[in-house]
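**Q** Sequence:
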Amino acid sequence: MTKARCSQAAAVGLLILVASGYSHPAQAQPEPAPVPSAPATRAPSAEPLAAPSASTALPPANAAVSAEPPAPASQPAAVTPESASLANAGPFQSLLTDLRARAEAVRDLRTRVDGAPEVARSILNPQLFEASSDYRRALTEAVATISSGAFADAPPAARQFALGVVGDRLASEGRVIRAATMAQYRESLSLIERVADAKPAERGNLEQARNVILEHLPVLLHEYRENLKARERLNQSIRNDESAFQRQLLDAAKFTTGLLKGVAEETAQLRRSFGAAPKPEEQKQLAALRTYRKHLSELQKTQIQLLDEYGTDTVDLRRDLITTTGDVSEAIFDTDVVGGLFKKWKTDTQNVITENAVSFVVRAATVLMLVLAFVLVARLTRSLVRRGLARTTLSLSHLASEFIVTMSGRVIILVGLVVALAQLGLEVAPLLAGLGIAGFVAGFALQDTLSNFASGMMILMYRPFDIGDAIEAGGTVGKVQAMSLVSTSVLTFDNQMLIVPNNKIWGDVIRNLTHQTTRRVDLVFRIGYRDDLEHAERILNDIVNTHPAVLEDPAPVVRLHELAESSIQFVVRPWVKTDDYWETYWAITREVKRRFDAEGISIPLPQRDVRLVDARSTPGSARTGALDQRSG
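In my numbering, the protein residues as written are 34 to 665.
It is worth saying that the hints were derived from the structure and are not from the lab.
Since the model is a prediction, treat every value here as computed from it, not as a measurement.
Built from N, CA and C at the ideal position, the CB exists for glycine as well.
Since no wrong hints were added, every one of them can be taken at face value.
Dumping the calculated DMTMM-like pairs for lysine to aspartate or glutamate here, alpha-carbon to alpha-carbon at most 20 angstroms:
#1 Lys287 / Glu331
#2 Lys610 / Asp502
#3 Lys626 / Glu570
Computed Cβ-Cβ distance ranges for the label pairs, DEER-style:
#4 Val448 / Val152: 47 to 55 angstroms
#5 Gly540 / Met402: 43 to 51 angstroms
#6 Glu248 / Thr482: 39 to 47 angstroms
#7 Lys287 / Leu422: 54 to 62 angstroms
#8 Val152 / Met490: 52 to 60 angstroms
#9 Met402 / Pro313: 37 to 45 angstroms
#10 Leu409 / Gly540: 40 to 48 angstroms
#11 Glu595 / Arg424: 50 to 58 angstroms
#12 Asp147 / Pro313: 38 to 46 angstroms
#13 Ala588 / Thr622: 15 to 23 angstroms
Can you build the whole structure from these sequences, using the hints too?
**A** Pasting the structure below:
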């Protein structure tokens, strides 16, 4: 048996002895004793009816246990004064009749379960649990209905009678729930001990029975809390019951914490022994432990929630819940819990240093050597990855290449730090949990940065541009100088450096001006209406075709494009290499001006001629003037 199981079994044995004392009313004080700090208690067998008698004994350690949790042995006591006539309830008679019918249905189901074979019990027990829960909900709803002023015309005597009957039922059912809860705590303790010692062939049924109890027990705890609230609403004295319930919850929560730590330790030991590739039966064993831990975690959350309602300090319990399960809940927003996680890691570190002062120097030297070795390996890895990416045929952007190179080194350094801490014997789980919590909280405060990071990842994957490209994006135009997962540095053509967030770039249209090796130069030239059309076209073709930067394929285009108001427009579209775009644009524009002037081709300015016409000289005309537009 592992060290964790030995300590767990010892604690279980002690708690079973304590728990057994609760089944002897003669030895108990008037106030019901708290439930034993029942750890991973298993859910009560849906039995809300009766408390175990003094003679109820725990099953022997070697007895077979079915998958369904056994129910308390004794029969339920009547919860309603049968001697009272429901006719006195007036308009509340139907409500009380329904409560009586529900109680009888639960009692009948209990009788069927007691006399049924094992197979039938597995079917009837869930029905019994649901019927019991429905009955208890109906009781609390009845209190709200009767005391809220429903049936305003009901006689006061009838209302008081109905409240008395429901109050008696609540008090009786409270004792039943408490007794059933205690019985299930005791039963779960026994099952936990027997699972630890069971053979593999017997362990499955025992684990299933234990998990069923753990699954149902939080329901009973909530039902007892609701029962106390309903009784308080009826002005019943519940102070002693609440105090006992609070002590029971605190004891149970502390022991559940111990069980969670034992499960975490056992899981870690099994993982170390199984290695990186566990066999199917080993995976099954780990899965069973995860299921057990999940049920314990849910029970612990319920117990902590109820303790919070009573104002109990649960910081240590919530901190231990996070460190043993890694389950991050709303507790991460409690500064005391977060501080406790780091404090625990600090305390563990101090304890390790104090207890191992002699060997610590040697270990520190070993850790230093490990860190230096991993740093050197990280540098070597980055160098090899960079060379490999340079030789690969994959088309990766500069950002993608740098990301891969950087992450390869950082991952190795991170692994080295974890290995180094492990060599010191430190428990890194609380630290990792604390860092995870801090990262989770920081994520809310850095939403914009995370948005930029996500956009940077999209740019990395889709590669719309790279370093050296001229782009128009995010409201800027310029040449990309540097890229990261958060921002892009753009050098404008007038030599200004702009740092643009990646989410602004990715969220807008991206125009890569230098992505293609060739570009078309779009030019427009105008001539007058009186100029020689064919002569102008020959001049434009000659200029384009004789320019050394203009490509033959695709062939340049010179076409008459538009007859505008004051000019005839030609479009000139030669193709050039991307690097020659602006030089060609400026050179052709200058040459066209020079040739047009030399050949007598005009480049008209926009103009408009206005001619006044005498209306008397144009009979029938409705105008006094006309606008005659013509080209110069």
